[in-house]
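*Asks:* Sequence:
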Amino acid sequence: MKRAFYVPVLAIVGFLLLTIQSKATEAYPSNWFVNMKYNQVQVLLRSADADFSKSTIAVNYPGVQLKKTHHFENGHYIAVDIEIGAMAKPGNVQFKITTSGKTTVFNWPLLPRRKNRGIDFAQGLSSADLIYFLMPDRFSNGDPTNDQIPGLKDQSLNRSEIFLRHGGDLQGVANHLDYMQKLGVTSLWMTPVVENDMPDRTEHGYAATNNYKTETRFGGDKAYLALSDSLHKRGMKLIQDIVYNHFGRFHFLVQDAPDKNWLHQWPTYTQTHYREQAVFDPYHSAADAKRMIDGWFTTEMPDINHEHPMVEKYLTQNAIWSVETFGVDAFRVDTYKYCNVDVMNRLNKALLDEYPKIFTFGECWVDGVASQAYYVENNYNLPFKSNLKATSDFSLLFGGILPALNESNGWSNGVIKLYNTLASDYLYKQANNNVTFLDNHDMTRIHSSLGESIPKTKMAYAWLYTCRGIPQLYYGSEILMKGISNPDGWVRLDFPGGWDGDKKNAFTETGLTSDEADFLHYVQALGAYRTKSSALKTGNMMQYIPEDGLYVYFRYDNNQTIMCVMNTDNKARNLNLSKYAERTNGFNGGKNIISGNQIGQAFSVPAMSMHVIELTK
43 MKRAFYVPVL AIVGFLLLTI QSKATEAYPS NWFVNMKYNQ VQVLLRSADA
93 DFSKSTIAVN YPGVQLKKTH HFENGHYIAV DIEIGAMAKP GNVQFKITTS
143 GKTTVFNWPL LPRRKNRGID FAQGLSSADL IYFLMPDRFS NGDPTNDQIP
193 GLKDQSLNRS EIFLRHGGDL QGVANHLDYM QKLGVTSLWM TPVVENDMPD
243 RTEHGYAATN NYKTETRFGG DKAYLALSDS LHKRGMKLIQ DIVYNHFGRF
293 HFLVQDAPDK NWLHQWPTYT QTHYREQAVF DPYHSAADAK RMIDGWFTTE
343 MPDINHEHPM VEKYLTQNAI WSVETFGVDA FRVDTYKYCN VDVMNRLNKA
393 LLDEYPKIFT FGECWVDGVA SQAYYVENNY NLPFKSNLKA TSDFSLLFGG
443 ILPALNESNG WSNGVIKLYN TLASDYLYKQ ANNNVTFLDN HDMTRIHSSL
493 GESIPKTKMA YAWLYTCRGI PQLYYGSEIL MKGISNPDGW VRLDFPGGWD
543 GDKKNAFTET GLTSDEADFL HYVQALGAYR TKSSALKTGN MMQYIPEDGL
593 YVYFRYDNNQ TIMCVMNTDN KARNLNLSKY AERTNGFNGG KNIISGNQIG
643 QAFSVPAMSM HVIELTK
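Counted the way this note's numbering counts, the sequence shown spans residues 43 to 659.
Derived by calculation from the structure, the hints in this document are not laboratory data.
Please note that a few of the clues may not be correct.
Stated by the list, open to error - Derived CB-CB ranges, DEER-like:
| no. | residue 1 | residue 2 | range |
| --- | --- | --- | --- |
| 1 | Pro154 | Ala623 | 53 to 61 Å |
| 2 | Ser327 | Gln585 | 13 to 21 Å |
| 3 | Lys96 | Thr580 | 54 to 62 Å |
| 4 | Leu469 | Gln136 | 46 to 54 Å |
Cβ atoms here follow ideal geometry from the backbone N, Cα and C, with glycine treated the same way.
Produce the entire structure from the sequences given, and follow the hints as far as they go.
*Replies:* Shown next as structure tokens:
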């Protein structure tokens, strides 16, 4: 989710406590698991009965103890703290609920754990991975029967309108995993797949209305489980996009909250100012810091109060439950910089305690490397120490590769910015964990950002596949899809071939222009090479100061040395291996990984092009 710089169309004053009638008692989390380290579980129970909070509760199940009962100002809720002992077996935990002299039994499932954590799921990510990022609604429609679901607020379905639903789903994603693997992809990240029962703008999924339910228009829990299984059978990984900062306005915890303090409250509607500096600025105003963290993201996305201990429990349990239920391998956390960092640290730790290999990277859309490094594991001597593994590397995009390819070269302009940004990697504990990318659903597509220059776009992808970090592709950019992010719907268009009857089909290459097909093959070739290259996946990096627009860096390990030569000048440049003797000693030439052409000690690189060369002895 990008920074939202627009004037609210609605004024929201204070907290709206609206009653939503439910048909039966609901539980959050909807179940738990035996033999978990996280065994002190808080179950939030919700009922249509306005006197439900006055009820008494007893638990009758071997190995499960009721520790405490919590009552609320909203009569629809009770929370119970339970301890699930090591001897507890799978089955239905019976909550005996007595309300106004009447006792009912609510069965809460206690399930067996998934097998092979860290092997078949909860595997985490590393620089050996390559991520494909897509929007399910805009990628492929595998099951037209779920395009519209009766009872949901948004009944739109019109592919010609950029802000309406288009009908893509999880089955459509599962149908095209072969295509992704041909790009070198090992891991799949999708925009949020949880229920998004909002009146409009439901195509993106970032305004959740139920964190324990997969969006039915995507195929529901069954389709999500099937996709997870399909990925893991192929040796691929599942990344879940999760939102801790806010709910959608129609989330039941907004419309019918246990108490008003579940959300950040203001006398009048107050939006965050999006200035992260207020969090760590040594001269900051407390009022500025509060508005940054507690201000609402938009009127449609109320801000969650992380300082409420029950809210922290709710978010933490949902994350753990998601891993265990769906076999999640990693999380991408939306709007991370707007969250309470101490609460995020505790949540991250709870995940790592349960799943030691789990990997979480945050959306930290900030200005500059120093600000970005603050939110992840870093080398700062500051009181706050983040345990977030990585961030999406916005700094390397905006402060690195884009100016490298778009600016004229000078002392402080052009490709030197890419060099300088990477030189700041000393701020990170593990810079190689950062997720590198060229575009996403919130920003102008890379081909448009580079003036629709194919040579520049090829250079960008060659850099993405060879630089340090975990590379991430955005669906469709590999076939030169264009789009300016004003408004963002233009960068969220349908993937061609994802719907029956599409005249253009990128999966089969039917209807692609020669440029589109050539570029797709180029990216596939990069992916095929990276898949087999130990140096690109896990090797070291060495870079040389750019000269006259010529930027040279190496990826290397004990098995391979790969020389990457980026010529951002408007004329060809000659170079000799001897100039880079630190890395080229012992080598007498090499082979271009794309063309297969051999090079010797001396060679030329054409203007606005990049050569990736595996050195040979």
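*Asks:* Each hint needs a verdict: does it hold in this structure or not?
*Replies:* Checked hints:
1. Pro154 with Ala623: 53 to 61 Å: Once the Cβ atoms are compared, 59 Å apart, the range 53 to 61 Å for alanine 623 and proline 154 holds.
2. Ser327 with Gln585: 13 to 21 Å: Roughly 39 Å apart at Cβ, these two residues miss the hinted range, so it is violated.
3. Lys96 with Thr580: 54 to 62 Å: Holds, at about 59 Å.
4. Leu469 with Gln136: 46 to 54 Å: holds (53 Å)
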